[in-house]
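Engineer: Sequence:
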Amino acid sequence: MISVYSDNEKQAAFRTKKIMLAVWLVVFALVAAVEITLFTVHFVRVETLLDRSYQTPFAVISVVIAIAFSFGSLFFFGTKYRMVKAYCRMYRDMRQGQRDSDTGVVLEKDDALTEKYSVLFHSITVECPPIRRGQRNVRTLLIEKDHSAPRLTPGTRFKFTAHANIIISYEVIAPSPVKEEGSGGPAVISTQNNKE
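What the sequence shown shows, in the working numbering, is residues 1 to 196, in sequence order.
If you're looking for bench data, these hints aren't it; they were derived computationally from the structure.
You may find that some hints are simply not true.
[To be verified] In silico PhoX-like links for lysine-lysine, alpha-carbon gap of 20 angstroms or less:
| # | residue 1 | residue 2 |
| --- | --- | --- |
| 1 | LYS18 | LYS109 |
| 2 | LYS10 | LYS116 |
| 3 | LYS145 | LYS80 |
| 4 | LYS10 | LYS109 |
| 5 | LYS145 | LYS85 |
| 6 | LYS85 | LYS18 |
| 7 | LYS145 | LYS10 |
| 8 | LYS116 | LYS85 |
| 9 | LYS109 | LYS145 |
| 10 | LYS17 | LYS109 |
| 11 | LYS80 | LYS17 |
| 12 | LYS159 | LYS109 |
| 13 | LYS85 | LYS109 |
| 14 | LYS18 | LYS80 |
| 15 | LYS109 | LYS80 |
Fair warning: this is a prediction, and the values are worked out from it, not measured in the lab.
Construct all of the structure, not just a fragment, from the sequences and the given hints.
Structural biologist: Set out below in structure tokens:
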């Protein structure tokens, strides 16, 4: 079976999450050290020397550093870290969660983006064997937007493993009997003859 997500990719996501969190903690420690130093120097000068001449500059510096760190943290956790954390959660759930295996025939590939786990996916509509006699079992499976499954074209029969309708791995059983338009070949010619 062709694995959609490699082990190296999963490990890289977890490693990136740890590095990003470690960098933020180091910056937080530096900001906290600067703030504590400013407060201590100000307190010592006021209590021992009765000198308040540095009160305004220290207060301004302290407020500017705190505001810059707060906005930087909002941006960091709101964009970069959020995306990495979403991928890590998805990979963890794929590893620990329930999986189902089935076979199906691709009915349609949709390039519109769908969001799940805060990650963007392309969808593939698949007809699977019916669960009950006389019923049609159509599923919408998802492939992450940065990954592609070029062999899964409409009409292709394939076996897949999925978690929460996200394709983890797949294997083509029978390729599509009709090539897509624009790819050339006798299949396109035969479909054009049928239209006439």
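Engineer: For the pair supplied as a hint, LYS85 and LYS109, is the alpha-carbon distance within the 20 angstroms limit?
Structural biologist: With a Cα-Cα distance of about 28 angstroms, the restraint between LYS85 and LYS109 is violated, given a limit of 20 angstroms.
Engineer: Taking 20 angstroms as the top limit, are the C-alpha atoms of LYS17 and LYS109 close enough?
Structural biologist: Measuring from Cα to Cα gives roughly 32 angstroms; hence the hint is violated.
Engineer: When you check the alpha-carbon spacing of LYS10 and LYS116, does it fall within 20 angstroms?
Structural biologist: holds, 17 angstroms
Engineer: Against the 20 angstroms threshold, does the CA-CA distance of LYS10 and LYS109 hold or violate the hint?
Structural biologist: violated, 25 angstroms
Engineer: For a C-alpha distance cap of 20 angstroms, please report whether LYS145 and LYS10 respect it.
Structural biologist: Between LYS145 and LYS10 the Cα gap is close to 16 angstroms, so the pair holds against 20 angstroms.
Engineer: With the threshold set at 20 angstroms, check whether the alpha-carbon distance from LYS109 to LYS145 stays at or below it.
Structural biologist: Within the cut-off at roughly 12 angstroms; holds.
Engineer: Holds or violated: LYS85 and LYS18, Cα atoms, limit 20 angstroms.
Structural biologist: This hinted pair holds, its Cα atoms lying about 10 angstroms apart.
Engineer: Under the criterion that the straight-line Cα-Cα distance not exceed 20 angstroms, is the pair LYS80, LYS17 satisfied?
Structural biologist: holds, 10 angstroms
Engineer: Does LYS80 lie within 20 angstroms of LYS109 when you go C-alpha to C-alpha?
Structural biologist: violated, 29 angstroms
Engineer: Does LYS85 lie within 20 angstroms of LYS145 when you go C-alpha to C-alpha?
Structural biologist: Holds, because 17 angstroms separates the two Cα atoms, which is no more than 20 angstroms.
Engineer: Is the straight-line distance between the alpha-carbon of LYS18 and that of LYS109 20 angstroms or less?
Structural biologist: violated, 35 angstroms
Engineer: With a cut-off of 20 angstroms on the C-alpha distance, tell me whether LYS18 and LYS80 pass.
Structural biologist: holds, 13 angstroms
In terms of the numbered hints stated before, the structure departs from hints 1, 4, 10, 13 and 15, listed from lowest to highest.
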